[in-house]
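Given next are the chains, with one letter for each unit.
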Amino acid sequence: MHAISKFLTSRWGPILTGIVVGVLAPLLVKFGNPGNMGICVACFNRDIAGALGIHRAATVQYIRPEIIGFVLGALVAALLFREFKPRGGSSPLIRFLLGMFAMIGALVFLGCPWRAYLRLSGGDWNAIPGILGLFAGIGLGIVFLKRGFSLGRSRPTSPVAAWVMPVFVVVLLALLLIAPLFGRDADGNPVGPIFFSQSGPGSLHAPLLISLAAGLLIGFLAQRSRFCTVGALRDVVLLRDMHLLNGVIALLVAAFLTNLALGQFKPGFEGQPVAHTNLLWNFGGMVLAGLAFTLAGGCPGRQVFLSGEGDADAAIFVFGMLAGAGVAHTFSLASSPAGPGAYGPAAVVIGLVLLSIIGLTMRETRSA
Amino acid sequence: MSEKKTLDVRGLSCPEPAMLTREALIKLVKGTLIVLTDSATSRNNIERTGKLAGWSAEVTQDDEQTYRIKLTK
Numbered sequence: 020m021h022a023i024s025k026f027l028t029s030r031w032g033p034i035l036t037g038i039v040v041g042v043l044a045p046l047l048v049k050f051g052n053p054g055n056m057g058i059c060v061a062c063f064n065r066d067i068a069g070a071l072g073i074h075r076a077a078t079v080q081y082i083r084p085e086i087i088g089f090v091l092g093a094l095v096a097a098l099l100f101r102e103f104k105p106r107g108g109s110s111p112l113i114r115f116l117l118g119m120f121a122m123i124g125a126l127v128f129l130g131c132p133w134r135a136y137l138r139l140s141g142g143d144w145n146a147i148p149g150i151l152g153l154f155a156g157i158g159l160g161i162v163f164l165k166r167g168f169s170l171g172r173s174r175p176t177s178p179v180a181a182w183v184m185p186v187f188v189v190v191l192l193a194l195l196l197i198a199p200l201f202g203r204d205a206d207g208n209p210v211g212p213i214f215f216s217q218s219g220p221g222s223l224h225a226p227l228l229i230s231l232a233a234g235l236l237i238g239f240l241a242q243r244s245r246f247c248t249v250g251a252l253r254d255v256v257l258l259r260d261m262h263l264l265n266g267v268i269a270l271l272v273a274a275f276l277t278n279l280a281l282g283q284f285k286p287g288f289e290g291q292p293v294a295h296t297n298l299l300w301n302f303g304g305m306v307l308a309g310l311a312f313t314l315a316g317g318c319p320g321r322q323v324f325l326s327g328e329g330d331a332d333a334a335i336f337v338f339g340m341l342a343g344a345g346v347a348h349t350f351s352l353a354s355s356p357a358g359p360g361a362y363g364p365a366a367v368v369i370g371l372v373l374l375s376i377i378g379l380t381m382r383e384t385r386s387a
Numbered sequence: 004m005s006e007k008k009t010l011d012v013r014g015l016s017c018p019e020p021a022m023l024t025r026e027a028l029i030k031l032v033k034g035t036l037i038v039l040t041d042s043a044t045s046r047n048n049i050e051r052t053g054k055l056a057g058w059s060a061e062v063t064q065d066d067e068q069t070y071r072i073k074l075t076k
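Protein chains in written order, with my numbering: chain E, 20 to 387; chain F, 4 to 76.
In case anyone wonders, no lab produced these hints; they're calculated from the structure.
By construction, the Cβ of each residue, glycine as well, lies at the ideal position given by its N, Cα and C atoms.
Hints may be right or wrong, so weigh each one.
Unchecked claim - Cut-off 25 Å, straight-line C-alpha distance, at most; resulting in silico cross-link-like pairs (BS3-like, lysine-lysine): (1) F:Lys30 to E:Lys25; (2) F:Lys30 to E:Lys104; (3) E:Lys165 to F:Lys30; (4) F:Lys8 to E:Lys165.
Claimed, not checked - Stretches of chain E that chain F covers, calculated by requiring three or more beta carbons in the stretch to come under 8 Å of a beta carbon on chain F: (5) 169-176; (6) 219-233.
Unchecked claim - Quick look at which bits of chain E chain F covers, simulated, 3 or more residues with Cβ under 8 Å: (7) 102-110; (8) 258-267.
Use the sequences and the hints to build the structure in full.
This is how it looks when you write it as structure tokens:
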């Protein structure tokens, strides 16, 4: 067991995690997940928000077992290797906001950083401006970090806080399996939530056990290897450290080869699954998301894994993402294959202004 | 004369622990830097950052909450 852990925390850890994600994600598409969306931490949280009725976009409602697996896989790894540590109290409200705006930005692009790389590996060239936007957002975040930005220190906290997210996803699993109908229409007939899409991306999903198993495996590996798609570029620029970037490169190569082998590599801009062709807002959406992830300390996947190992601040970020999905799909901010939503571009601009204020003003006396 | 400094990064989010360590090492040029952290992730990152900059690293654990990384050059 010690040898496995040593391997996963070595330079090979992120690479192995990247390969596993790169192979499993296209396979999940093969098994039924939406196109180039084998795994998307933003889209999947958005689907969960839809299933719970936090938004009512009928095409994107499903409790994604991958996310449940992410949390529980990370929890198991953290418990097994004595890294489960209840902690919190580092600007929770700001982290909630960052989670909201990360989700809003991601839904203007139509994907989180994980999906941006997976879209690229499937030949969706619209991902290129998105990835460039992600780089720009991370770059902006680095400027703020260098100027002394900090959300402040977390402190050890009650185990109760640390268990909120693991218990929440177990409840989600129960709701997925039982599919109760909590709502009542005007005539008193039971309706959702829980909502499950009858058409659209939310209706497309791999078999539950396969999705859950893939999530558990990735959650376990990523907790050990600290896999992070935002830290990847950030650490190269800030620390001259390739450790995490190697993982993202491994993901890209593995996903490209797997897509090729499965006949899922379809190069082009037009007609890509769950994507639009607006260059400017593919870029802009990801600038906002990239900045939000950098200020919060990691990509959405990383936030989910941290929430499974006792980090209550990361859990707050994830709940912020659920709320952000609600806002994005209720206020016409989210894009569709037709293009950006009516108020999506305005929301990106507002988000960038707000996050810049946060980036410029929040500091911490950092050395003892 | 070799200087000895201590840096407390307990509770800080990524990438601050490694970033502050790197800044401190560049400032120190030579000597000993003790970094205190409460996160296993930061422990690994600080150790790696030190080694990448050509410092030798020694990790010990004070208690259940605190790791102590001793970087020397």
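Going through the hints against the structure:
Taking the CA atoms of F:Lys30 and E:Lys25, the gap is near 31 Å; set against the 25 Å cutoff, the hint is violated. Proposed proximity of F:Lys30 and E:Lys104 is contradicted: the alpha carbons are some 32 Å apart, above 25 Å. Distance check on the hinted pair: E:Lys165 and F:Lys30 sit about 15 Å apart at the alpha-carbon level, within 25 Å; holds. The suggested pairing of F:Lys8 with E:Lys165 holds, with an alpha-carbon distance near 21 Å, which does not exceed 25 Å.
Under the rule that three or more residues need a Cβ within less than 8 Å of chain F, the assignment of the region 169-176 of chain E holds, with 7 such residues. Under the rule that three or more residues need a Cβ within less than 8 Å of chain F, the assignment of the region 219-233 of chain E is violated, with 0 such residues. Here's how the region 102-110 of chain E fares: 4 of its residues keep a CB closer than 8 Å to some CB of chain F, so the rule of at least three is met and the hint holds. Under a criterion of three residues with beta carbons nearer than 8 Å to beta carbons of chain F, the stated coverage of the region 258-267 of chain E is upheld, 4 such residues being counted.
Checked against the numbered hints listed earlier, the structure breaks hints 1, 2, 6; every other hint is satisfied.
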